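Protein sequence lines correspond, in order, to chains F, R, B and L.
So for the first sequence, full-length UniProt numbering puts the first residue at 1; every next one is plus one.
So for the second sequence, full-length UniProt numbering puts the first residue at 1; every next one is plus one.
So for the third sequence, full-length UniProt numbering puts the first residue at 1; every next one is plus one.
So for the fourth sequence, full-length UniProt numbering puts the first residue at 1; every next one is plus one.
Calculated directly from the structure, the hints in this document are not laboratory data.
No experiment lies behind these values; they were computed from the predicted model shown.
Careful, some of the hints might be misleading.
If several chains are the same, the list does not tell them apart, and a pair holds so long as it fits within one copy or across any two.
Result set (EDC-like, lysine to aspartate or glutamate): computed pairs, CA atoms no more than 16 Å apart in a straight line [claimed, not checked]:
no. : residue 1 : residue 2
1   : K44       : E34
2   : K44       : E32
3   : K44       : D28
4   : K144      : D89
There are 4 protein chains.
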Amino acid sequence: MTVARTVELEGHIIDSGMMARCFGAVMDMGGEFEVEEFEVGRHKHEETYCRMRVLAETEADLRAIVHELNQNGATVADPRDATLEAAPDDQVVPIDFYSTTNHPTYVRVDGEWHGIDDPEMDCAIVVERGGGGSTEGDVRARTKVLNAIEEGDLVVTGETGIRVEPPERPRNGGGSFGFMQGGVSSERPSESLISEIAGEMREVREEDGTVLVVCGPAIVHAGGRDALASLVREGYIDSLSAGNGFAVHDLERDLYGTSLGVDTESLEHPREGHKHHIYTISEIGRAGGIEAAVEAGTIGSGVMYECIENGVPYVLAGSIRDDGPLPDTITDAIEAQNAIREQAHEADLVLMLSTLLHSVAVGNCLPSTTKTVCVDINPATVTQLLDRGSAQAIGMVTDIGTFLPLLAEELIDDR
Amino acid sequence: MTVARTVELEGHIIDSGMMARCFGAVMDMGGEFEVEEFEVGRHKHEETYCRMRVLAETEADLRAIVHELNQNGATVADPRDATLEAAPDDQVVPIDFYSTTNHPTYVRVDGEWHGIDDPEMDCAIVVERGGGGSTEGDVRARTKVLNAIEEGDLVVTGETGIRVEPPERPRNGGGSFGFMQGGVSSERPSESLISEIAGEMREVREEDGTVLVVCGPAIVHAGGRDALASLVREGYIDSLSAGNGFAVHDLERDLYGTSLGVDTESLEHPREGHKHHIYTISEIGRAGGIEAAVEAGTIGSGVMYECIENGVPYVLAGSIRDDGPLPDTITDAIEAQNAIREQAHEADLVLMLSTLLHSVAVGNCLPSTTKTVCVDINPATVTQLLDRGSAQAIGMVTDIGTFLPLLAEELIDDR
Amino acid sequence: MTVARTVELEGHIIDSGMMARCFGAVMDMGGEFEVEEFEVGRHKHEETYCRMRVLAETEADLRAIVHELNQNGATVADPRDATLEAAPDDQVVPIDFYSTTNHPTYVRVDGEWHGIDDPEMDCAIVVERGGGGSTEGDVRARTKVLNAIEEGDLVVTGETGIRVEPPERPRNGGGSFGFMQGGVSSERPSESLISEIAGEMREVREEDGTVLVVCGPAIVHAGGRDALASLVREGYIDSLSAGNGFAVHDLERDLYGTSLGVDTESLEHPREGHKHHIYTISEIGRAGGIEAAVEAGTIGSGVMYECIENGVPYVLAGSIRDDGPLPDTITDAIEAQNAIREQAHEADLVLMLSTLLHSVAVGNCLPSTTKTVCVDINPATVTQLLDRGSAQAIGMVTDIGTFLPLLAEELIDDR
Amino acid sequence: MTVARTVELEGHIIDSGMMARCFGAVMDMGGEFEVEEFEVGRHKHEETYCRMRVLAETEADLRAIVHELNQNGATVADPRDATLEAAPDDQVVPIDFYSTTNHPTYVRVDGEWHGIDDPEMDCAIVVERGGGGSTEGDVRARTKVLNAIEEGDLVVTGETGIRVEPPERPRNGGGSFGFMQGGVSSERPSESLISEIAGEMREVREEDGTVLVVCGPAIVHAGGRDALASLVREGYIDSLSAGNGFAVHDLERDLYGTSLGVDTESLEHPREGHKHHIYTISEIGRAGGIEAAVEAGTIGSGVMYECIENGVPYVLAGSIRDDGPLPDTITDAIEAQNAIREQAHEADLVLMLSTLLHSVAVGNCLPSTTKTVCVDINPATVTQLLDRGSAQAIGMVTDIGTFLPLLAEELIDDR
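Same shape as in the complex, but just chain F (with noise of 0.2 Å):
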């Protein structure tokens, strides 16, 4: 038996690699394929056109094939409405459910293309219809992680009804955020590198954009913090995602001139070692949290200080490995999990600084479509970020503690 649909792609889909993909995914996967029409884009503004019918031997196989082509932007011609399926339980989700990209992506309810708000990737669709009638206002389609999904939320299900629009290459070339590909410019000059990075800050500021900033506690150790707290102050910064423990290091910093004990002026170790970080954690605790012990004058510098003073919201998020934490850190993986969730989705410019764990926390909530800078000595860790799938991403090996001050001095001193 040999079971066959059609399908359509429509763009840039050449250059952008989504035709070259969707060919391979067939003969990956045992199918073949027919192309019934090719209409070549013959100059660099004109579109693309394919269609093509797809044959498997089995539904099943056709189903995964269709699945995987859907995901890379081909849509089942024909369309019809996606099928929609109530969720039998609180966190659990229909067979077969669509689990999402996060590319823009629409889908079809009630003959009308809506597109769904928020894409996130690994998550599932849910329908909602208002009161009044049919009219494409009154429909809604956005992501829901499993955790969020009520009984009865209408669930899309199978590849029907959805269309996806994975990124197309820049037709105007893309700066120095190149395009899809996942590597990291060891090849290119730092400063110059930093220079280009700047620009986008003060591109996103003029706009009135958000600059999400995630920040791990090598910032504080390397010699990072006074210039990232410049860039706080001077409002090169609009949203802060940490953990605990960059802000302990951040705030021990200012109580005691150390960062895990160590001096970070006179680089001598006063051997207290550990102690001045529970320290730190307590007294917070004492003053009642961070913004209590800013305004009874007990912390009077450094990052999460310049956050309070200049109203940057922050969210703090607990780990297994945390000592205290702090009052202000959220423990629950998933209230904070949604907290970030919200800066993610908000944010117009990410800078990922030294940090695994939370960069892949914010990178798992981000749209393919928001740019995305990763900094990290640890090439492993850039190349692990870059691959989760940001169209439009920087990745920069170095040192985070000459990184942050050439940065400052570029956007801040060099006005």
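Chain F is fixed; fit chains R, B and L onto it per the hints.
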């Protein structure tokens, strides 16, 4: 002004490095020492005794030096009782609280030395007095992490009345468990090391001890799952600590024959990607948890299955990058840490397998006397874990997907 | 001024990525394209044909674009003969010489296309005409590295008359040898991958092909020496490439039972350290080389021993960090490179085992059509080697000390 | 049978770790010790003296133990002259030759102790007697690597008459150059460390010492070339050691504004790739070498240019992965090693910048007393280099492309 205090060291203090570290600390911290008495151990089994006066410019300097000496095994001569101070509030420690090492530690209360329960680093020591009087039996000293401190707890402050016993170099060689070397045995033949680890596991089992295994998802991806499951089944594992991700991958393999969507037998990628992962969580949630899913026959193989079938307790700790999570996963970081702490305190041998986050969380709670094996393909991970201070540790940079089958072969097939 | 040239592509150019790379290159380099004809391959086995006009502002820009298109498989339409220019001096190339890729390449001379011998990247193409006339048989085109260029050599310049055939996506799947993916299979179960590699080796052997193994010293330290020796003995290895260090460690193990002074059986360190290493070189030198030492009975086991006994040729290349070196080691870098080049050109399958330097040296000389397996515990090494451009490559991040025994078991014990 | 020998240690042997290592070695190697006399240094500046009898089962065991003690600073009591034996052949050492450490070493000949010239590890010691008699001035002892040994050379065998002086812990603190710690200062702020390194360079310059810089190609890729060139121009670098690749990248940047084909200013990739690299070698070859190319005005900037202009000598060592190489490159490994050896012996401070191969080659020739700074973005490289045994070393994991500009700023701009 010069201030001075007299300290004593006793034991195999030369070859264990304590004497060198104490002399070094005094010099590094700007102090002077005068050795008043020195009786060298003339043979391997004879102990060395040293009494020295330590001098510093200021009382603060002297205290810092004495703190450091104390942590390296020196005790203040002419011992007095430890100073106890009530915690001013919940989760707040008194100024100058004593921050613990992970070595066996004794505290002097009412003229008697009491060993502290559950040595663990970066904790406070809390002393509890029984109702009946001042006999040793009525006094209990134990470590408490900051968030467990309650208002009124009697917390040890300063260094007086504290004795630390850093590990001594074993007199009879240490086998493959090196003495405090913190190095990684990358130059040692892998098969020989595996057989030594097997020997150690056999020994712990014969003595009815507890082997705790800390598991990362790479175990499933790299093909070590069946071997680990058989070790659980055969009784070589007594306790398991992991994250939500490890359990889901293990269960997905049973439900769908895939791990993150890759068919682990045929190596083919069914291209359903992350969908199986989410499904698995959804299905286990529907069943009501892992145990219920095993009982219902939904799950019939794997590491988690064998844990349920063989009554091996496990802790699954949540993190902000989790999908789901499973109903079994503890999402609150503090609650999860407390569960891990209990596992760590009971363990006689800990195998840390391909996970940095969970290994650090377990390692934070371990006394320096617990034997530890750390296996990871990333040498940086192994080094970081060994540096946290087990006195007897094996670090092995290898592929978990070949390590576990060879270990299982050694323990099970070769009987 | 606008200049233009017409180029053609033919083959499986969509799914192999050539079309996407060509469109991308034109846009990235500031040019325009006009597709004049496009005949899509409608089925898996049908080829696609594209003819397009490429436009640029200046002749220099156009040449740069056409160079790039050429390297990705496009040929200038209306073909003319390649331009040949005599090398002005030994080791000096004419201005604008054609620098090769490692793909199969054809050059047009006297109206005929000639495949070049030994495709290798970053070389010049030198054309030799025989005495007898202009028939194809009398023309020979081959790659020459810079230092082999002799005054008067006819070197190809420009892009005219050059055709490159980048690898096409295999129509029948590629098994575990991925198509140009350059990725590392760290998420695939190790044992399954090993058995696929064994299958490939068996196949090459049955077809009387040549397996070249490139060896690093870690093979001996990590315990893979006996397994590799048995593979040589059983005829699975046809050629060996290594450094002086690998050979010395292998021989030291035979002479002293140690590797860099560590007893590889008992794991005890006889504490003679590097002395055995120097002794070994001294003893082989006294005997007059490895073959002489085997004949004299001084050496009786190991990888080098089996090479001698089984007539497996080897190249030992010297480096500036060597001790000694052995009399067999080629200390001149150019001479060593030439010997390695010969090995690489003859190989049908290359196993690169735990050495970056020697693997890069071999990889530099390989055509893109040679199957390659790269095994290292360091993912960065594996990635770097795969990026150099084999079309069919397996990268495996694992421990060579467990990999080789499992491979030998698969090939030898399981017969 | 029990055999015994008496050894002595003297100096700051407790805090420098020598005493601990000697006791440890005796126990690890199955021996026993009896301390016969022990006079502890009571103050920081007082030395400790120890005389102990070492016992073992067999003469062979005893010799192995005494060898180990000797390498850690113990000398056999009741000293006799060193045993000298003639080398049986060129490049062949007598059985039981003494293999050197990299510490200052003394050998007893004709009743007098003679310091050996050029301490270097893994060498033989050759003693030369002058014509005029047995006075100290007429005896010369020096290290010789295996390939420099000539038939008849008087080579020291056994341990008798040898005294090694392992580095002692400095009495006045060591500044940022840690004492034998072999660790990497990842927890120290990058900018502070850079300023300490600058201070050290300034000091060496004031004392007319020699700063040797060892350079990898990443310096050019990452954007550190101009800064390094300015350091050469300003007289902070006295000697340079690198491979062919570094020099070609530096020269290509001058000739074409690219580094491996990437335009380092505009960040655009002219897509000529490796062609510029080969061209550069060809052009320098045509000119007759780097100096000739500078004189002819072909080369007008960069690190190599400044070396020529400022008379800074350089060694370019070849390797099997080189293109070309340049006429200046020494292609024979032994010849290159000898040139590197001379550089190493003359250096007072060595900066190892982003190259493992060349840093190891230099490090192999350094005495343990030479100050060393090792900078690399890969922590494994830094660790490996520090482990080779400089007593005073700084390891810094950072980006060479930001490190060099900050270092140059510190040294040049801030004057």
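So, going through the hints one by one against the coordinates:
no.	hint	in the structure
1	K44 x E34	between (26 Å within a copy, 8 Å between copies)
2	K44 x E32	between (30 Å within a copy, 7 Å between copies)
3	K44 x D28	between (30 Å within a copy, 11 Å between copies)
4	K144 x D89	within (14 Å within a copy, 41 Å between copies)
Violated hints: none; the structure is consistent with every hint.
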